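**Q** Sequence:
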Amino acid sequence: MCSQNSLEIWKLVAESATPIMIAIFGVLINRTIQRQNASVQRKSSWLEKWADDFLRTASGFNSSTASFMWLYLSPEWEATRDVPGAVDKPNLKMAEIYKASEALNRGWVNISMFTGFAPINGKGLKKAASDVLAETASWIKNGESNVSELLRKQLVFNENARAVHAELLGLKGIND
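Mapping of the sequence shown onto the working numbering: position 73 corresponds to residue 66, and the numbering continues sequentially without gaps.
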């Protein structure tokens, strides 16, 4: 009879303790999940911030490329470039072109800072940005423009920028 009572007591204790143990394990698991979610959210916020900053930088580089091209191809400059006595306008326009070229160089430096965070696609972006700079420098040096080549290099830059942006968001190697 003693063993029957002991068995009944243990059965009652087990029936009572099971829901309490499940509740304790549930709370512990929930806290662990919440900590992991907070960690993922912090990392995600960091990735989004850097990706947004990069996107602004890449967009600025792209805009600087377009500004350079429009300044260089400006009909006003072309019309006065070979006109005797119209020395000031071309010189002023060249000063603007050099400023646009300087903005491109600054953009290249800023983009280069982001490429370290994108080990898969960063080198391609840096090369594409360098190619755009080399093309604009050849325009200034040679006095000749190749619009289709600059646009092609700008497209390659933008494709690489998209890949780096995806990588910064944690979507490594995505080129879609």
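Check each hint, because a few of them may be wrong.
[What the hints assert, rightly or not] Using C-beta positions, here's what the derived DEER-type ranges look like:
#1 LYS116 x ASP46: 17 to 23 angstroms
#2 PHE110 x VAL140: 30 to 36 angstroms
#3 THR11 x ARG49: 55 to 61 angstroms
#4 TRP39 x ALA88: 21 to 27 angstroms
#5 GLU89 x SER52: 19 to 25 angstroms
#6 LYS116 x GLU95: 22 to 28 angstroms
#7 ALA59 x GLU137: 34 to 40 angstroms
#8 LEU148 x ALA88: 24 to 30 angstroms
#9 GLU89 x PHE110: 32 to 38 angstroms
#10 SER38 x ILE113: 19 to 25 angstroms
#11 ALA88 x ASN135: 16 to 22 angstroms
#12 VAL102 x GLY163: 22 to 28 angstroms
#13 SER67 x ARG145: 17 to 23 angstroms
[To be verified] Listed below are the simulated DSSO-like cross-link pairs for lysine-lysine, each with C-alpha atoms no more than 30 angstroms apart in a straight line:
#14 LYS86 x LYS134
#15 LYS116 x LYS92
#16 LYS86 x LYS119
#17 LYS134 x LYS120
#18 LYS134 x LYS92
#19 LYS119 x LYS134
#20 LYS134 x LYS42
#21 LYS86 x LYS120
#22 LYS42 x LYS4
#23 LYS86 x LYS116
#24 LYS42 x LYS116
#25 LYS134 x LYS116
#26 LYS119 x LYS42
#27 LYS42 x LYS86
Since the hints were made in silico from the structure, they are not lab data. Quick caveat, the model's predicted, so the values are computed rather than measured. Ideal Cβ positions, reconstructed from N, Cα and C, are used throughout, including at glycine.
**Q** All hints are to be evaluated individually against the structure, with a verdict given for each.
**A** Going through the hints against the structure:
Roughly 20 angstroms separates the CB atoms of LYS116 and ASP46, a value that falls within the hinted 17 to 23 angstroms. Checked against the hint of 30 to 36 angstroms, the pair PHE110 and VAL140 passes, with Cβ atoms roughly 33 angstroms apart. Distance hint check for THR11 and ARG49: the Cβ-Cβ separation is about 56 angstroms, which falls inside the suggested range of 55 to 61 angstroms. Between TRP39 and ALA88, the C-beta spacing of about 41 angstroms breaks the proposed range 21 to 27 angstroms.
At roughly 21 angstroms, the beta-carbon separation of GLU89 and SER52 lies within the given 19 to 25 angstroms, and the hint holds. Distance hint check for LYS116 and GLU95: the Cβ-Cβ separation is about 24 angstroms, which falls inside the suggested range of 22 to 28 angstroms. Distance hint check: the CB atoms of ALA59 and GLU137 are about 19 angstroms apart, inconsistent with the given range 34 to 40 angstroms. For the hinted restraint 24 to 30 angstroms between LEU148 and ALA88, the CB-CB distance of approximately 29 angstroms keeps it satisfied.
A beta carbon spacing of about 33 angstroms between GLU89 and PHE110 agrees with the range 32 to 38 angstroms that was offered as a hint. The hinted range of 19 to 25 angstroms is satisfied by SER38 and ILE113, whose Cβ atoms lie roughly 22 angstroms apart. Roughly 19 angstroms separates the CB atoms of ALA88 and ASN135, a value that falls within the hinted 16 to 22 angstroms. A hinted range of 22 to 28 angstroms for the beta carbons of VAL102 and GLY163 is consistent with their spacing of about 25 angstroms.
Taking 17 to 23 angstroms as the suggested C-beta distance range, the pair SER67 and ARG145 conforms, at roughly 22 angstroms. With a C-alpha separation of about 15 angstroms, the suggested pair LYS86 and LYS134 falls inside the 30 angstroms cut-off, and the hint holds. Distance restraint check for LYS116 and LYS92: the Cα-Cα separation of roughly 26 angstroms lies within the 30 angstroms cut-off, and the hinted pair is therefore satisfied. For the hint linking LYS86 to LYS119, the alpha-carbon distance of about 29 angstroms falls within 30 angstroms, and the restraint holds.
Proposed proximity of LYS134 and LYS120 is supported: the alpha carbons are some 20 angstroms apart, at most 30 angstroms. A C-alpha spacing of about 15 angstroms is found between LYS134 and LYS92, which places the hinted pair at or below 30 angstroms, so the restraint holds. Distance restraint check for LYS119 and LYS134: the Cα-Cα separation of roughly 22 angstroms lies within the 30 angstroms cut-off, and the hinted pair is therefore satisfied. For the proposed pair LYS134 and LYS42, the alpha carbon gap of about 38 angstroms is over 30 angstroms, so the pair is violated.
For the proposed pair LYS86 and LYS120, the alpha carbon gap of about 29 angstroms is at most 30 angstroms, so the pair holds. Of the supplied pair hints, the one linking LYS42 and LYS4 is violated, its CA atoms being roughly 57 angstroms apart against a limit of 30 angstroms. Between LYS86 and LYS116, the direct Cα distance comes to roughly 34 angstroms. Violation of the 30 angstroms bound is thereby established for this hinted pair. Using a Cα cut-off of 30 angstroms, the hinted pair LYS42 and LYS116 holds, with the two alpha carbons roughly 21 angstroms apart.
This hinted pair checks out: LYS134 and LYS116 have alpha carbons roughly 26 angstroms apart, not beyond 30 angstroms. For a cut-off of 30 angstroms, the pair hint linking LYS119 to LYS42 stands: about 20 angstroms separates their Cα positions. Restraint check for LYS42 and LYS86: not satisfied, since their Cα atoms lie roughly 37 angstroms apart, outside the 30 angstroms limit.
Of the numbered hints listed earlier, those contradicted by the structure are 4, 7, 20, 22, 23 and 27.
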